[in-house]
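**Q** Sequence:
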Amino acid sequence: MHRLRQACVAEHTRLVNRLRGFLVEFGIVVPKGANTFKDRWPIIRQRHDRDLPALAWETLDALYGKLGELHQQVLAYDRQINAFVRQDERAKRLAQINGIGPITASAIVATIGNGHDFCNGRQFAAWLGLVPRQHSTGGVQRLGRITKRGDTYLRTLLVHGARSELMLTARRSDHKSIWAESLKQAKSWNKAAVALANKHARIAWALLANDQSYRPA
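Residue numbers (numbering that gives the first Met the number 0): 0 to 216.
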């Protein structure tokens, strides 16, 4: 289900870029972003109705219609995944973690099951590529960028979820939010997001491996 959804999202993105490219050929420039494109499409369609040949609009309208079909297909997959999360106790527990929604929760369960293939949460985070590379020079260890190994799709979901969570941590007073806020002040936003994604991966492993519910405290 996740692979099919991912394929639809990728095709949706490609189609938006294709439409943007065709419009540029007629001198109509639309900023990047699928939502931006869809928001501006009605305005573009009305404003430039007579600037393009009828055959061009016929082709572009057909492509835009395909865009809507893909969007509806993604929503259908989302509904099926949400239904799975409501029925699966493991995914339901993971979805209680701020920064992990139904999509990420179900993807983690589908990927690692009960988590027993990993010795601990750090090993799972390392498998996802969410730990920094280590470089040793003259007996001194230095930490570099994350390794980006393992499941790219799952790592991307966790990092995106962490970025969304960082937008809300300033309003919260729980331990994890305070810790995340201190990271935002000390490091860049991206580094804080990766560190928070790493923490979420460890928490998720602990819940699955120990068959526990999430306790924020």
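FYI, nobody ran anything at the bench for these hints, they're computed from the structure.
Don't be surprised by glycine CBs; every beta carbon is placed ideally from N, CA and C.
Just to be clear, a hint being listed does not mean it is correct.
With a straight-line cut-off of 30 Å between C-alpha atoms, the simulated DSS-like cross-links for lysine-lysine are [claimed, not checked]:
(1) Lys183 with Lys31
(2) Lys186 with Lys175
(3) Lys65 with Lys186
(4) Lys175 with Lys91
(5) Lys183 with Lys91
Restraint ranges, calculated between C-beta atoms of paired labels, are given here [unchecked claim]:
(6) Met166 with Val28: 26 to 34 Å
(7) Asp87 with Arg170: 47 to 55 Å
(8) Asn16 with His47: 27 to 35 Å
(9) Ala109 with Pro131: 44 to 52 Å
(10) Thr155 with Glu68: 41 to 49 Å
(11) Gln71 with Ile42: 37 to 45 Å
(12) Gly67 with Ala109: 22 to 30 Å
(13) Phe117 with Ile27: 49 to 57 Å
(14) Arg39 with Ala9: 48 to 56 Å
(15) Ala53 with Ala109: 30 to 38 Å
(16) Gln71 with Ile27: 21 to 29 Å
**Q** With reference to the structure, classify each hint as holding or not holding.
**A** Results of checking the hints against the structure:
Distance restraint check for Lys183 and Lys31: the Cα-Cα separation of roughly 27 Å lies within the 30 Å cut-off, and the hinted pair is therefore satisfied. The hinted pair formed by Lys186 and Lys175 meets the criterion: a straight-line CA distance of about 16 Å does not exceed 30 Å. The straight-line distance between the Cα atoms of Lys65 and Lys186 is roughly 42 Å, outside the 30 Å bound, and the hint therefore fails. With a CA separation close to 20 Å, the supplied pair Lys175 and Lys91 stays within the 30 Å bound.
For the proposed pair Lys183 and Lys91, the alpha carbon gap of about 29 Å is at most 30 Å, so the pair holds. For Met166 and Val28, the hinted distance range of 26 to 34 Å is satisfied, since their beta carbons lie about 29 Å from each other. Separation of Asp87 from Arg170 is about 30 Å and departs from the stated range, judged on CB atoms against 47 to 55 Å. At about 19 Å, the CB distance of Asn16 to His47 disagrees with the hint of 27 to 35 Å.
Checking the proposed 44 to 52 Å range against Ala109 and Pro131 shows it is violated: the Cβ atoms sit about 27 Å from each other. Evaluation of the 41 to 49 Å hint for Thr155 and Glu68 yields a failure: the beta carbon distance comes to about 24 Å. The hinted window of 37 to 45 Å between Gln71 and Ile42 is violated, with their beta carbons roughly 22 Å apart. Under the hint 22 to 30 Å, the C-beta atoms of Gly67 and Ala109, about 28 Å apart, fit the expected range.
Restraint check, Phe117 to Ile27: a C-beta distance of roughly 50 Å satisfies the suggested window 49 to 57 Å. The hint said 48 to 56 Å for the Cβ distance between Arg39 and Ala9, and at roughly 22 Å that hint is violated. Range check, Ala53 to Ala109: about 47 Å between beta-carbon atoms, so the 30 to 38 Å window is missed. Remark: the range hint 21 to 29 Å for Gln71 to Ile27 is upheld by a beta-carbon distance near 26 Å.
The structure fails to meet hints 3, 7, 8, 9, 10, 11, 14, 15 from the earlier list, while all remaining hints are met.
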